[in-house]
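**Student:** Below, each chain spelled out in residue letters.
Number of protein chains: 4
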Amino acid sequence: MAVKTYIIQIHCPDQKGLIAGTTQLLAAAGANIIDLTQHTAKDIHSFFLRAVFEMDSDNIGSLRDQIALYAEKFQLTWELHDTTHVARLAIFVSKTDHCLYDLLLKQRDGYLNCEFSCIIGNHTDLESVSRAFGIPFYYVDSKQDKALQNERFNEIISETKTEMLVLARYMQILSPDFVNAYKNQIINIHHGFLPAFKGAKPYHQAWYRGVKIIGATAHFATEDLDQGPIICQNIQHVPETADIEQLVQLGKDIEKKTLSQAVKLWLDRRIFVEQNRTFIL
Amino acid sequence: MAVKTYIIQIHCPDQKGLIAGTTQLLAAAGANIIDLTQHTAKDIHSFFLRAVFEMDSDNIGSLRDQIALYAEKFQLTWELHDTTHVARLAIFVSKTDHCLYDLLLKQRDGYLNCEFSCIIGNHTDLESVSRAFGIPFYYVDSKQDKALQNERFNEIISETKTEMLVLARYMQILSPDFVNAYKNQIINIHHGFLPAFKGAKPYHQAWYRGVKIIGATAHFATEDLDQGPIICQNIQHVPETADIEQLVQLGKDIEKKTLSQAVKLWLDRRIFVEQNRTFIL
Amino acid sequence: MAVKTYIIQIHCPDQKGLIAGTTQLLAAAGANIIDLTQHTAKDIHSFFLRAVFEMDSDNIGSLRDQIALYAEKFQLTWELHDTTHVARLAIFVSKTDHCLYDLLLKQRDGYLNCEFSCIIGNHTDLESVSRAFGIPFYYVDSKQDKALQNERFNEIISETKTEMLVLARYMQILSPDFVNAYKNQIINIHHGFLPAFKGAKPYHQAWYRGVKIIGATAHFATEDLDQGPIICQNIQHVPETADIEQLVQLGKDIEKKTLSQAVKLWLDRRIFVEQNRTFIL
Amino acid sequence: MAVKTYIIQIHCPDQKGLIAGTTQLLAAAGANIIDLTQHTAKDIHSFFLRAVFEMDSDNIGSLRDQIALYAEKFQLTWELHDTTHVARLAIFVSKTDHCLYDLLLKQRDGYLNCEFSCIIGNHTDLESVSRAFGIPFYYVDSKQDKALQNERFNEIISETKTEMLVLARYMQILSPDFVNAYKNQIINIHHGFLPAFKGAKPYHQAWYRGVKIIGATAHFATEDLDQGPIICQNIQHVPETADIEQLVQLGKDIEKKTLSQAVKLWLDRRIFVEQNRTFIL
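Residue numbers (the numbering used here), protein chains in the order written: chain S, 1 to 281; chain U, 282 to 562; chain Y, 563 to 843; chain P, 844 to 1124.
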């Protein structure tokens, strides 16, 4: 017998008795719930529950079966995660290194409990950083045909046993079919306070619009550029005297913090997606 | 039969099975849990749970008995609140009106679901505001003996059926025996970012110390001045050119927001106190 | 002889020697500069200068003439303000009172150094607040023809010697010709973080888009709805569990703070407008 | 002839005519002022001025002489900086790397316009980081006698032509005579919101005190531990469920941002120190 810690995420249309039902199911299976959060988004009649529990790993298979039955009855979407599993993430980069370093250092520091399976770049500028951290680097030319690129991405993802993709200021637009194939599996950092300033050069847009606050937004990539579900956002008041270049510099601190925060939320299995928005429990 | 909404707060030394135990107790009594939050503060081995549930009010008495038994077994501290009960709060004031207005307007606007039973002032400056909002005003001279003041406070509290006291920039120190008699029942707003700048003239202290951020702190009053459990805090970056007078002005927005927020948290039964700090669920 | 304090605002295409030139002009006229701020927005080659100075009011006429000559030579846009003049502002309201109260209380408290010449409402709900603060209230029906409304507005503005208009959650769209007639003289508070969430029901838009931060924006009204120059903005992180109604409530604190802040900046003659954005010195 | 950009910092008891006097002095010497900020701290009757100007470097010597005369007359404290000079800073470290990396990356990125002359560690853990960035690393044992340490520090500082010291989470207390010898030349990052939580383990202190916001403070080191002039501060709201370990992690983002920001302010010659506080222009 080995006691392990698991996380369950449940998500469904709102209905009575879900908390009691779920906790009873877990208790009956011998699970000891150590953390439970739940939320009903009444504006869209949706229910979300995240529970952390410990139990004998010999019994997890039978619990999984019981949950499946319960899920069918109440139309639940659910996921069950073994917390001893260390997720493998790929990082996509171009030339800028601030987000990349922040991820690498926070992983090494133990804050991000994951492994980085590889770094994929459309430039080779950051290959030496990859090497310094002992992570395989793959150069994939972004000027070649998208279909060829996607094929190469898929090969690398498969070879490196990658489960999740993180775009750390990767300055390329991924093709719709690639993005759709990895739904809610690609976290992007946008250097603007979405939904304002979508697309290119958001700091330029922000400066000319004269906003007094800039921000960064981590979101899941979808087919529609910068319109996927927002995971987290942070902002910074702008000094009145700041020029565009200073906005770009100021923004970097927000970008790196926000992207690392989003990755942490994903690793902790706190993100639920419903109707193109997230709920973080 | 009338279905009502209740809130239960549970608080005890950490031990296994508390979430399952509590949810089963509620489910067995026919309660429909609509919101549940719980937290284990592992640094002090304490467990906190807040649940909102609906049930037939005819059965609440028997549920209460069951909880009492359960509580004894597991050393729980608990409170059960009927949400149809409208709490009655007294506001203590001196001469400044910003916190008072914020409370009165947010109550009238429905944000603060309570009644203000009375306004007690050691000056009569704000009597007209009381009148405009139809709330009885009591002048209690703060220059008289503390024992006499306390007697008068107790009379007013009793006459006006007051359950909770809010010090809205009341510029007097309440006597230890009064404060102790109303443990965790007096919310004070301190115009400084505690634990820094306790006591008098916190903005002066802040300016001379050269801090770059000022704050306000809502806390439960205790015998030790400005050292009671902190309920909530907010801050504001200080312009470099601000003089002391400007700090005082800037601070007012933070003070009123923070005090109203603390009252809201109390009304929503979200505050737990343990070891001179709060946990807000 | 009476020494008075003046504020000069200068604004022009960037060129060498402007600071020295201006300070020499003032010094030569016997002015004692007590505060000077200047900024060059190099991205648009614009120069802004604000100086506060004291001088004998007998000589201000001749200084004015000299500045006019200097301004012609260097293509300066300029304004010279006597700080002993108390500006008269009209407040436009509908039914919500939080912004109105914040303005009235901050004026009475001395933070906003102005007079409120009148309150104009398209509902009579806030007439009693006007009366309590001793300010004339005018009801102007917003269902009547826009031209008739504008005529009435102009009459009131003229009768009450109003210099500036403040829209304190006035839920009507002013007609283009009215807005154009009062260019940079109408401050509006938008209950959203512009440029996102323009137009109606910004909190609904924000909730459904799933943003993690809400904001409010004070701006000058222009013909294009919610697209005028932004004066100031503030934000608030949104609790994950907040529903739309809670966003609306949370937003009120930001709205009132932001509108009062914008009025203060205008009164202090700190706002410069160039290319549909502001620079605040 | 070579036109260079200079920064002058002036600082003195408040008196009339200082702005006009200074701008005339500069104009007369042929300087073109491109940026000027000034502030009078009326609470302590102090005047501060910072001006950026361009002029022929052949004439800077004679301007320097004129300023010296002017300074004597009006009791000015002043500094004149040639912006083409690249300052050399030493970084002191122990084992934690987040502040170190932030400094190194922001320097390489051009945000911090300086050179790091050396990294001094009381552990060798970060020697490899030094090497990766091509900066000499010196190990100085912190268990040896303070006098010996100071001697070694002075040698290294002298050998490496170091002008400024940055303590990037250096977990040792420097001796009073060393600190006094480098007055306003040592920037320290304290991982707490000073003046609260001075000394060791500030996050532990913060957690047990139950504050709702944590912060970091960059300040000049003085003989009194964590009581020197504050340069800048940043904060972060604390999730209610955060344990001490999480506070430590959350704090790192604030610490590194705040330290880099302080170094940037110093490099831009924006910091003035008066009466144990700073004024940043």
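Don't take every hint at face value.
[Said to hold, decoys possible] List time: in silico DSSO-like cross-link candidates among lysine-lysine, alpha-carbon distance up to 30 Å: (1) S:K16 / U:K464; (2) P:K938 / Y:K578; (3) U:K442 / U:K285; (4) Y:K826 / P:K859; (5) U:K285 / U:K424; (6) P:K1041 / U:K323; (7) Y:K763 / U:K545; (8) P:K938 / S:K264; (9) S:K4 / U:K464; (10) Y:K657 / U:K376; (11) S:K42 / S:K161; (12) Y:K578 / S:K42; (13) S:K95 / P:K989; (14) U:K545 / Y:K578; (15) Y:K566 / S:K42; (16) U:K545 / U:K285; (17) P:K1044 / Y:K578; (18) U:K376 / U:K424; (19) Y:K566 / P:K885; (20) P:K859 / Y:K578; (21) S:K4 / U:K297; (22) S:K264 / S:K95; (23) P:K885 / U:K376; (24) S:K264 / U:K297; (25) P:K859 / P:K885; (26) P:K1044 / P:K986; (27) U:K323 / P:K1044.
[What the hints assert, rightly or not] Some chain S residues close to chain U (C-beta under 7 Å, calculated; not the full set): (28) Q15; (29) L25; (30) G30; (31) I33; (32) L36; (33) K42; (34) H45; (35) S46.
No lab work stands behind these hints, which were simulated from the structure alone. The C-beta atom is built at its ideal place from N, Cα and C for all residues, glycine as well.
**Student:** Run every hint past the structure and note whether it holds.
**Tutor:** Right, here's what the structure says about each hint:
1. S:K16 / U:K464: Distance ~38 Å between S:K16 and U:K464 Cα, so the pair is violated.
2. P:K938 / Y:K578: violated (50 Å)
3. U:K442 / U:K285: Answer holds: U:K442 to U:K285 is near 23 Å, not above 30 Å.
4. Y:K826 / P:K859: holds (27 Å)
5. U:K285 / U:K424: Distance ~47 Å between U:K285 and U:K424 Cα, so the pair is violated.
6. P:K1041 / U:K323: Holds, because 25 Å separates the two Cα atoms, which is no more than 30 Å.
7. Y:K763 / U:K545: holds (25 Å)
8. P:K938 / S:K264: Given pair P:K938, S:K264 holds - Cα atoms ~24 Å apart, limit 30 Å.
9. S:K4 / U:K464: violated (42 Å)
10. Y:K657 / U:K376: OK: Y:K657 and U:K376 at ~29 Å, within 30 Å.
11. S:K42 / S:K161: Violated, because 39 Å separates the two Cα atoms, which is more than 30 Å.
12. Y:K578 / S:K42: violated (61 Å)
13. S:K95 / P:K989: Between S:K95 and P:K989 the Cα gap is close to 45 Å, so the pair fails against 30 Å, i.e. violated.
14. U:K545 / Y:K578: Cα-Cα ~56 Å, so violated.
15. Y:K566 / S:K42: Violated, because 60 Å separates the two Cα atoms, which is more than 30 Å.
16. U:K545 / U:K285: Distance of about 21 Å is within 30 Å: holds.
17. P:K1044 / Y:K578: violated (53 Å)
18. U:K376 / U:K424: holds (15 Å)
19. Y:K566 / P:K885: holds (18 Å)
20. P:K859 / Y:K578: Given pair P:K859, Y:K578 holds - Cα atoms ~26 Å apart, limit 30 Å.
21. S:K4 / U:K297: holds (15 Å)
22. S:K264 / S:K95: This hinted pair holds, its Cα atoms lying about 23 Å apart.
23. P:K885 / U:K376: Holds: P:K885 and U:K376 sit about 27 Å apart, inside 30 Å.
24. S:K264 / U:K297: holds (27 Å)
25. P:K859 / P:K885: Cα-Cα ~13 Å, so holds.
26. P:K1044 / P:K986: holds (20 Å)
27. U:K323 / P:K1044: holds (18 Å)
28. Q15: Hint violated; S:Q15 Cβ to chain U Cβ min 10 Å, cut 7 Å.
29. L25: violated (10 Å)
30. G30: Hint on S:G30: violated, closest Cβ of chain U at ~10 Å, above 7 Å.
31. I33: Nearest chain U Cβ about 4 Å off; hint holds.
32. L36: holds (5 Å)
33. K42: Interface hint status for S:K42: violated (10 Å vs cutoff 7 Å).
34. H45: violated (13 Å)
35. S46: violated (14 Å)
Of the numbered hints given earlier, the model fails hints 1, 2, 5, 9, 11, 12, 13, 14, 15, 17, 28, 29, 30, 33, 34 and 35; all others are met.
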